[in-house]
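Can you build the whole structure from these sequences, using the hints too?
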Amino acid sequence: MSRHLIVGVDPGTTSGVSLLDLGGELVEVHSSKDMGLSRILNHIIRFGSPSLVACDVNPAPEMVSKVASNLGVRMYVPEKDLSVSEKQALTSDYELSDSHQRDSLAAALYAYGKHRNKLEKIDSLGLGDRVKHFVLQGNSISRAKKAFAPVEEVKGEKPKPERAKTPSPEERRIRSLERRVKALKGEILERDSLLDELKAELNKSKGSRRVVHVRDSNVEKRIGSLKTQIRDLKKYRALLKKISQGDVVPVGVYPHVLAGLTLIENRPDSLEGVEVAFTSKKRIVELLHDSDIPSYESGELEELGGFRYITAKRLHELSETGSSVEDIITEYRKKRK
190 MSRHLIVGVD PGTTSGVSLL DLGGELVEVH SSKDMGLSRI LNHIIRFGSP SLVACDVNPA
250 PEMVSKVASN LGVRMYVPEK DLSVSEKQAL TSDYELSDSH QRDSLAAALY AYGKHRNKLE
310 KIDSLGLGDR VKHFVLQGNS ISRAKKAFAP VEEVKGEKPK PERAKTPSPE ERRIRSLERR
370 VKALKGEILE RDSLLDELKA ELNKSKGSRR VVHVRDSNVE KRIGSLKTQI RDLKKYRALL
430 KKISQGDVVP VGVYPHVLAG LTLIENRPDS LEGVEVAFTS KKRIVELLHD SDIPSYESGE
490 LEELGGFRYI TAKRLHELSE TGSSVEDIIT EYRKKRK
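The numbering of the sequence shown is my numbering, which starts it at 190 and goes up by one.
Because the hints were derived from the structure by calculation, they are not lab data.
All of these numbers come straight from a predicted model, not from anything done at the bench.
All C-beta atoms, glycine included, are put in the ideal place defined by N, C-alpha and C.
Careful, some of the hints might be misleading.
Distance windows between CB atoms, simulated [what the hints assert, rightly or not]:
1) Asn455 to Phe496: 28 to 34 Å
2) Arg472 to Gly494: 27 to 33 Å
3) Phe496 to Gln277: 31 to 37 Å
As a list, the in silico DSSO-like pairs of lysine-lysine whose alpha-carbon atoms are at most 27 Å apart [unchecked claim]:
4) Lys431 to Lys502
5) Lys410 to Lys423
6) Lys502 to Lys423
7) Lys430 to Lys416
8) Lys430 to Lys388
9) Lys410 to Lys424
10) Lys424 to Lys222
As structure tokens, then:
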């Protein structure tokens, strides 16, 4: 289920990303090499709807500013750099793999601590995460109460605190996709601009007697790499458009479940929330069968950059024919022979 998030980001050659819910509970902590803007944004929106992006240094790194800008949310920057001892104290209760996870989690926890009183006040008023998100964008609680108050109140009755309407899973998914498309558009413009600069640099170097062939070769390679990345980003945009139109259905990778669908390749701890599963493992098929959960061959799924999905048409065909995963696996094996 989607939720509002406080995001801590520690950018670099190895980047750290940590996610808290608006109650300060850890949702996810991750670190990886070569996480560009697109990968960071994609990782974040897999887990929910961001409300605040935080860092552990002042001034904020450019990458953190870009993350907040592309997600369309406020950025929190500490008054001064958090010291190593402060970050260790903030994260001492968590098992972390490296300093990048520590720094990103410390940033998120510190930002949560600075807003904790307001968030708890909103809880005491019986208001929901939508109001918390509104306040985290820099609005006062009193303004939030007015903005989310009922239009009419019964005369003579004391108004009850009204819980903000929670968006449906479909609405949350569409909003996340809209943010993702916006981020990808910015990334494409950024890549196109850099590509033009590199082409100009290459043309300039070719017209000079001091041209260095190795340098030209490196520039050509960079241009080729950027062209590939731009093509991939355009593929992402096309896929996201199909998802928003309902032509494509996203599928989570266990333990993540998207709209009841997930890919399971290892024995699951729980099948809560799983309505349809995809797998290639016989023992998982048997487990799903015992739990009355329909399952299909994982080969039915398509993938783009680690993102799994299935066309709505194919999912409908599978559900209508009632094809079991065993039948589909047998069919696939015959085709391979």
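Can the restraint linking Lys410 and Lys423 be considered satisfied, given a maximum Cα separation of 27 Å?
Distance of about 20 Å is within 27 Å: holds.
Quick check on a hinted range of 27 to 33 Å for Arg472 and Gly494, using CB atoms only.
holds, 29 Å
Hinted pair Lys424 and Lys222, Cα distance within 27 Å:
The hint holds at about 23 Å.
Worksheet item: Are Lys502 and Lys423 close enough, with their CA atoms no more than 27 Å apart?
Response: holds, 23 Å
For the pair we were handed, Lys431 and Lys502, check the Cα-Cα distance against 27 Å. Holds, at about 12 Å.
Is 31 to 37 Å right for how far apart the beta carbons of Phe496 and Gln277 are? Since Phe496 and Gln277 have Cβ atoms about 35 Å apart, the given range 31 to 37 Å holds.
Going straight from one Cα to the other, do Lys430 and Lys388 come out at no more than 27 Å?
violated, 31 Å
Discussion item. Check whether the Cα positions of Lys410 and Lys424 lie no farther apart than 27 Å.
Written reply: Measuring from Cα to Cα gives roughly 21 Å; hence the hint holds.
**Request:** For Asn455 and Phe496, compare the CB-CB distance with the range 28 to 34 Å and indicate the outcome.
**Result:** violated, 19 Å
If you draw a straight line from the CA of Lys430 to the CA of Lys416, is it 27 Å or shorter?
holds, 21 Å
Hint check: violations occur at hints 1, 8; the rest are consistent with the structure.
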